[in-house]
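2 protein chains.
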Amino acid sequence: MFESAELGHKIDKETWEKEVPGLREALLDAQYNLLQKKHNAVLVLVAGVEGAGKGETVNLLNEWMDPRHIRTQAFGPLTEAEQLQPHMLRFWRALPPKGRIGIFFGSWYTQPIINRTMGEISRAKLDQHIEEIRHFERMLAQEGVLLVKFWFHLSKKAQKKRMTEIEKNPETRWRVTKHDWEFFKLYDKFYKVSDHVLRETSTGEAPWIVVEGVDHRYRGLTVGKLLLAGIRDRITEAPAQKGKKAVAKAVSHAPPLLQPAIDGKNVLASLDYTRAVSKKKYEKDLEKWQRELNLLSRHPKFRERSCVCVFEGQDAAGKGGAIRRITQALDARFYNVIPVAAPTEEERAQPYLWRFWRHLPQPGNFTIFDRSYYGRVLVERVEKFCREEDWLRAYAEINDFEEQLDRSGIILAKYWLAITQEEQLKRFKEREKTGYKRFKITEEDWRNRKQWPEYERAVCDMVDRTSTDIAPWTLVEANDKYHTRLKIIKTLCARMEEKL
Amino acid sequence: MFESAELGHKIDKETWEKEVPGLREALLDAQYNLLQKKHNAVLVLVAGVEGAGKGETVNLLNEWMDPRHIRTQAFGPLTEAEQLQPHMLRFWRALPPKGRIGIFFGSWYTQPIINRTMGEISRAKLDQHIEEIRHFERMLAQEGVLLVKFWFHLSKKAQKKRMTEIEKNPETRWRVTKHDWEFFKLYDKFYKVSDHVLRETSTGEAPWIVVEGVDHRYRGLTVGKLLLAGIRDRITEAPAQKGKKAVAKAVSHAPPLLQPAIDGKNVLASLDYTRAVSKKKYEKDLEKWQRELNLLSRHPKFRERSCVCVFEGQDAAGKGGAIRRITQALDARFYNVIPVAAPTEEERAQPYLWRFWRHLPQPGNFTIFDRSYYGRVLVERVEKFCREEDWLRAYAEINDFEEQLDRSGIILAKYWLAITQEEQLKRFKEREKTGYKRFKITEEDWRNRKQWPEYERAVCDMVDRTSTDIAPWTLVEANDKYHTRLKIIKTLCARMEEKL
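Protein chains in written order, with my numbering: chain V, 1 to 500; chain C, 501 to 1000.
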C-alpha cells in the first residue's frame, strides 16, 4: 500500500508556480459548478501519519477554493457526552449537503487504527470496525456522495526527521509533544495496522489515495489535481439522469481518482537496473542457496505447511530461468510448475479464481505459478479481455484469496521480474537469432511491447493494491540474470525461514 | 427472520397432486434450457434446523429433475487433511460449472453457526466469518452464479415433536442420536446465532429463503417453485448480452426469489383481530402501566441510556392515540415526538437516514417516531418514490443503523399497528362524519387503501428482514383501541425493564 509513497516524490518550484494558478481557477470553477448543480456532495477525508502535512494541505484547499462553501471539521477523541451516543453520530451531523464540499480532519478511521495500534482492541474487533466502515461508505456512495480519501504517508525515517526538525525550530516546537514521541515508537505496528485497514477499505466506490508527505509542493499539487478530477467527473453527469447515473458512477468512479503520480515516479522506474553479479559469485552463491532451500523444504514444520510462488514479469524477463533454479533445489515429487495461459473450456465454465484454487499445493509441497491469477489485473486489464468492473473487483478478490491461503498456513512468495525496454529489445533480437529459442518469441510479444506504458501502469497499481504484509511483492531488477536468480532464491529462503 | 416460518404453513394433498406434475415438467424444462444456454451455474444451499426435512427435499429435487446434471454434495466436519488446507477449498472444488445445478447440503454456513452456538468462537470472530462469506457470495454473483439459499426452520416446539416422532418409530430411531438431543438443548442460542447470520448474509445478490419445515408438501412445493422462478429468471437473459446483464441481474435478482408464501399465510393475516379489552379493565390497567413507565423513565440507569420508539401502521390504525398514552406518562422535558412526513429541502440534500440521525435522543430521553425510516420500505416502495435498488438496500442499512443505536445503549421499541380492511373502512367513514376529525382523512388515505395488498406484502417483508433480536417488531392487533394501547405500553415497559 505504501511502497509508492516512499519514492521521494518531488515537484520543483518552477513547476509549482507554473501549475498552481491554473489549478486554483479550475478548482474554483468546479466548486461553483458543483454548488449550482447540487446533486452531489463531496467529502474529503484527510488522514495519515503525524507530521506529513495534513493540516497544511487542508489550509491550502481552503485557500484555493471558496472557504464559505467548504465545511472543515476536525474530530478529536470522543467527549464524555459523545461516548454515550452512537459513535457515528458526530460524522452524520457533519456531513456536507448536496452541492457542498466537506473536509474531515480525522475521521471514522482514526479511533479503530489507533486503538488497534495500542493493542486495545483485537484483530477481530478491528475487522468488525472495518466492515461497519465499508457498509457506511457504500451507503454514502449509493446516495451519490463523492468520497475522496487521502492518506498522508511518511516512512519511519522521514517521520523521525520531520519531527526532529519541527522540534528544533523554536516557533514550532510546541507542536511535537512527548505523546507524539511515545506514539512514534509504535511506528511499525501503526504501519501494519494502517496497511491492513487501508487495503480492506480501498473499495471501488471509495479508493484510498496514498500521498507521500515529504515534499509540500508534491502533496499539495497531488491533492488539488485529484480532487479536481473527482469533482469534474461528478459535475459532467447530466442532472436529468441523476438517479440512474449516480449508481453507475459510484461503482466505477475509481478511475478518475486513480492516476499515476504527478511527478512520473513509480515503483518500477525507481529500481536500479544496473545491479549485477559476477558469474563466479553467482555460481558459488547459487549453490549455497539451493542447498539452503532444499533443507528448508525438508524442514519438519514444512510437512504441515506448503508454499505458493507467483512469477510475473515482462516478456523475456527471465521467469523460466529463475523458476528452474528453484526447482533444481527441490525434490520433483514435491513441486508443481503451473504455466498459466488462456483458460481451458472447463475452466471458463467456472468463476475466475477456480483454476488457481485447483492447483493449490498439498501439505509439504510447492506450487509455482509461471504467470498467475494476477493476469486479471495485468494482461486482461490492458488487452481489455475483461470489463473494467471485473479487474477492479479482482484486487479485493485476490487479497481475500491470499488471506485465506495465508490463514491456512500456505507461504506466499510473489515476484515481479522487471527489465528495461532496451534490455527487452536486446533479448527479443537474440531470441530471433538463436534457433532453439525462436519458439519463445512471437508476434504477440512484439504487440505487447508496444503497450509498455499501459503495462507499467497496471503493474504499479497491482503492487500498490496487492503488496500486503502477508503476501508482499518482491520487485526484482532483472536486467542481469545472475542477480535476478540469486535475489529470488535468497528472498524465498528468507520468507520460508520467517514462516517456519 | 423466522417469524413467517412459524405460522403453521400447510398445503393439502389435493393442491399438491394438482400442482406437482406441472412443476416437475417446468423444472425439467428449465434445467435443460440452462444446460443448453450454459452461461450460468445454479448453486442451491440447503441448511437449517435438524429434522426440518432437508434431506427429503434434496431427494425430491433429484427426483423431479434429471439427476445426471445435478451434483449433490454433502459437507460434514473437516477431515484432518482438510484442516491443513484453506477451509473454502472443498467448496471451490465442488462448484457446479456453467449450465449445471449444484446442491450443497451443509455449506460454508455450518461451521461458523455451530462453533458460535457451542461458544467456541467469539462474536467478533463470527462476524469475520460472515464478512468472508459475503465477499465470497458477492464474487459468485458477479461471476454469474445463481445462488439460492434455503433455510429450513422449525420452532423449538416443532423440533422437539419431530425428534420424538422419529425416535418412536423403530425404523427411523437410528436417525436421532444422543448428540442431537444435546444440541437441542442449545436451541435458543442456535436460534439467536442463526438469526444474526441469516440477516447479515441475506443480501441483494443472495437472499435467504426461510422455509417452514413442518409440512412436507408445503416445503417441497415452496422449494420447487422458487428454484423454478430463479432459474427461469436466468435463462430469459439473452446470452449475447450476458456480460452486461449478468451484473445488473446480480444486484437485483432478489425479487424473483422473494415471493409471498405459497399457501397465502403471513404474519399479518395470522393475527387475531378479535382481541379486545373492556373499558373498565383498560382504565385500571392503563393507569398501572403509565405509573410503571414513569418509574422506568426515572430509573437511575436510564440517565445513561435513551429510548427510540417507532410507530408504523395502516392509516387510521390509532398510532396517535397510542403515542399520547405513552407521552402522558412521561415528563415533557424528556421526550420528543417526531411526526415523519415528506422530507424538507435540507433533508433531501442529505443521505436518506440523515433526518433520523438528527433526532436521536440525548441520554435520559425518548424519541418517538410517528412513522419513521421504515417509510423507505413501505410507502416509498409501494408508491415507487424510490428505485427498487434503493429500498432493497435499505433493509441492510436500517439493520446497520439499529445495531449502532443498540450498541450505544439506546433501547429500541418498534410497533406495527395492524387493523383489518373492514375496520379501516369503518374508521374512515366515522372520521368523515365527525367534524373535528375531518382533517385526518384525505384523498390520499383512500388512494393508499386501494393498494392494501401491496402494503401488506411490504409489511411482511419488512418484518421478515428487520425484526431482529436487538430490535424486534411488536405486531399489535389494533382493531380494538383499548387492547392496542395496553399492549403497547406493556411491551414498552417490559423492553425497558429487560434492558435496564
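These are calculated hints, taken from the structure and not from any lab test. The beta carbon of each residue, even a glycine, is placed where N, CA and C say it ideally should be. Treat the hints loosely; a few may be bogus.
Unchecked claim - Keeping only pairs whose Cα atoms sit at most 20 Å apart, straight-line, the calculated DMTMM-like set for lysine to aspartate or glutamate is:
#1 Lys-38/V to Asp-900/C
#2 Lys-98/V to Glu-846/C
#3 Lys-185/V to Asp-406/V
#4 Lys-98/V to Glu-845/C
#5 Lys-125/V to Glu-700/C
#6 Lys-279/V to Asp-406/V
#7 Lys-538/C to Glu-347/V
#8 Lys-157/V to Glu-50/V
#9 Lys-38/V to Glu-847/C
#10 Lys-38/V to Glu-845/C
#11 Lys-510/C to Asp-772/C
#12 Lys-384/V to Glu-444/V
#13 Lys-125/V to Glu-954/C
#14 Lys-537/C to Glu-347/V
#15 Lys-625/C to Asp-406/V
#16 Lys-125/V to Glu-632/C
#17 Lys-598/C to Glu-347/V
#18 Lys-598/C to Asp-390/V
What the hints assert, rightly or not - Taking beta-carbon pairs under 8 Å as the criterion, some of the chain V residues facing chain C (in silico):
#19 Trp-92
#20 Ala-94
#21 His-135
#22 Gln-350
#23 His-359
#24 Leu-360
#25 Glu-430
To see whether the hints hold, each was checked on the structure:
Between Lys-38/V and Asp-900/C the CA atoms are separated by roughly 28 Å; this puts the pair beyond 20 Å, and the hint is violated. Proximity of Lys-98/V to Glu-846/C is assessed by CA-CA distance (about 9 Å); at most 20 Å being required, the pair is judged to hold. With a CA separation close to 28 Å, the supplied pair Lys-185/V and Asp-406/V exceeds the 20 Å bound. About 11 Å separates the Cα atoms of Lys-98/V and Glu-845/C, which keeps this hinted pair within 20 Å; it holds.
Restraint check for Lys-125/V and Glu-700/C: the C-alpha separation of about 17 Å stays at or below 20 Å, so the hint holds. At most 20 Å may separate the alpha-carbon atoms for a hinted pair to count; Lys-279/V and Asp-406/V exceed this at roughly 36 Å. Of the pairs offered as hints, the one joining Lys-538/C and Glu-347/V holds, with about 13 Å between alpha carbons and a cut-off of 20 Å not exceeded. For the given pair, Lys-157/V sits about 13 Å from Glu-50/V by alpha-carbon distance, which is consistent with the 20 Å threshold.
For the suggested pair Lys-38/V and Glu-847/C, the alpha carbons sit about 13 Å apart, so the restraint of at most 20 Å is met. For the given pair, Lys-38/V sits about 12 Å from Glu-845/C by alpha-carbon distance, which is consistent with the 20 Å threshold. As the CA atoms of Lys-510/C and Asp-772/C are separated by approximately 19 Å, the hinted pair is consistent with the 20 Å bound. For the hint pairing Lys-384/V with Glu-444/V, the CA-to-CA distance comes to about 15 Å; that is within 20 Å, so the pair holds.
Our distance criterion of 20 Å between C-alpha atoms is broken by Lys-125/V and Glu-954/C, whose separation comes to about 41 Å. As the CA atoms of Lys-537/C and Glu-347/V are separated by approximately 17 Å, the hinted pair is consistent with the 20 Å bound. The straight-line distance between the Cα atoms of Lys-625/C and Asp-406/V is roughly 17 Å, inside the 20 Å bound, and the hint therefore holds. A threshold of 20 Å between alpha carbons decides the hint, and for Lys-125/V with Glu-632/C the separation of about 15 Å falls inside it, so the pair holds.
Restraint check: the Cα-Cα separation between Lys-598/C and Glu-347/V comes to about 10 Å, which is no more than 20 Å; the hinted pair holds. Annotation: proposed proximity of Lys-598/C to Asp-390/V holds, straight-line Cα distance about 18 Å (limit 20 Å). Using the Cβ-Cβ criterion of 8 Å, the hint placing Trp-92/V at the interface with chain C is satisfied: the shortest such distance is roughly 4 Å. Taking 8 Å as the C-beta contact cut-off toward chain C, the hint placing Ala-94/V at the interface is violated, the least distance being around 11 Å.
Interface restraint check for His-135/V: the shortest CB-CB distance to chain C comes to about 5 Å, inside 8 Å, so the restraint holds. Nearest Cβ of chain C to the Cβ of Gln-350/V: about 6 Å, under the 8 Å cut. The hint holds. With a cut of 8 Å, the hint placing His-359/V at the interface with chain C is violated, because the nearest CB-to-CB distance is about 11 Å. With a least beta-carbon distance of about 6 Å to chain C, the hint placing Leu-360/V at the interface is held under the 8 Å criterion.
For Glu-430/V, the suggested interface contact is broken, since its CB lies about 41 Å from the closest CB of chain C, more than 8 Å.
In this structure, the hints that do not hold are numbers 1, 3, 6, 13, 20, 23, 25, in rising order.
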